[in-house]
Amino acid sequence: MNRYKADLHTHTLLSPCGDLDMTPGDIIQIALQRGIDIIGITDHNSTLHGKLAEFYSRNRDIFVLCGAEVTSKEEAHCLAFFENHTTLDLFQDYLNEHLPDIPNAPDFFGDQVQIDENLDIVYEETRLLTSALDVTLEEIVKKVRELNGIFIPAHIDKTKNSVISQLGFIPFDLQYDAVEVSQHGDIELLKKQHPYLKDKTFIRSSDAHFPDMIGKATSIFEIETRTFEEIRKALHQQEGRKVIIE
Amino acid sequence: MTVRELIKVMNLTIFCGEENLDKEIKGGYASDLLSDVMGFAKEGEVWITLQTHKNVAAIASLKELACVVLIKGGEPDADTLQHAIDEQIPILGTQEPAFETIGRIYQLIS
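Residue numbers (the working numbering), protein chains in the order written: chain A, 1 to 246; chain B, 247 to 356.
No lab work stands behind these hints: they were computed from the structure. All C-beta atoms, glycine included, are put in the ideal place defined by N, C-alpha and C. Hints are not guaranteed to be accurate.
Claimed, not checked - Label-pair restraints from in silico Cβ distances: (1) B:ILE260 <-> A:ARG127: 34 to 40 angstroms; (2) A:ASP199 <-> B:ASP278: 45 to 51 angstroms; (3) A:PRO195 <-> B:GLY290: 25 to 31 angstroms; (4) B:ALA344 <-> A:ASP199: 45 to 51 angstroms.
As the list claims (entries may be wrong) - A short list of chain A residues far from chain B (calculated; beta carbon distances all over 12 angstroms): (5) ASP19; (6) ARG34; (7) ALA76; (8) THR130; (9) ASP212.
Please build the complete structure, drawing on both the sequences and the hints.
Quick look at the structure:
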């Protein structure tokens with residue numbers, strides 16, 4: 001097995017709270033400098049910058065996981081990742097359909113722009129991306145499953161916007177691939193407070209909104225090669241694959 | 247005041263729990279963070295919330311709350327309703343938003 005350092009939770013400048021220096025190209029560049037082997041691009045309720053990050057990763061020693069950080073109706077944040085552009089685009093359609101029509105106030109929340117490889121703005125999302133979708137956690141999981149994606153409740157140690165803060169505990173029948181903790185999240189404490197998490201795979205990620213934070217919190221994936229399926233196997237601790245938090 | 251009396255005075259919708267409406271309401275708790283409700287709501291209280299997820303029923307049962315009032319026209323999700331029926335927890339509803347609902351219930355029970 002090979003060991004790959006992963007930071008699966010970063011925001012580009014498309015997220016209103018994402019720093020304008022968080023261009024997909026710069027994220028890839030900085031991640032490479034910091035020894036990151038796998039990077040997740042997870043804007044709030046949008047997948048639109050994943051492909052551009054992938055473009056910058058070509059012929060370089062880094063693997064991009066394209067996805068989003070979705071906000072369920074209950075205001076619980078979860079990471080969702082997809083294997084190919086077909087399923088990624090289908091999930092983007094789903095997000096477009098379920099994001100409520102609440103306008104962004106760029107002066108207050110920040111700009112929500114999509115750029116291309118020339119750094120030109122090609123799209124501006126006018127609806128506030130940090131709003132809660134009008135679908136429940138369970139409905140989102142169902143959609144992600146249909147599209148053969150990976151679903152990970154985000155920063156479950158946080159006292160706001162986590163499945164645990166919003167819903168008290170993770171519903172026992174929810175189909176999730178792993179759980180994420182933030183930079184300083186206490187995994188042992190969480191397992192004590194929530195015994196159903198005892199055998200679950202934990203990942204730690206940075207949730208970077210600024211360049212400084214990229215790679216500040218990481219997980220090690222022990223897998224054969226960097227593919228979507230290998231990453232999924234590690235999250236499920238299958239065939240000797242696993243995730244280690246150092 | 248009992249749950250039945252509260253329903254009558256406030257003209258609340260009854261989604262389920264009809265067999266359990268004679269409980270005395272000992273107080274109230276208002277929060278949409280279920281972790282907070284788990285930590286701080288007390289037995290016999292009415293819980294006012296915007297959340298309709300099935301964990302609402304689980305936590306109302308765990309904390310032995312008198313009833314749940316869903317605000318702003320909220321309806322329990324299908325699995326919430328099933329769980330609440332099984333646990334005989336009254337789930338009630340109002341079209342009024344949180345501020346008005348909490349204010350009225352506070353006046354009624356304190």
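| Going back to the hint list, which numbers does this structure go against? | Of the numbered hints, 2, 4 and 7 do not hold.
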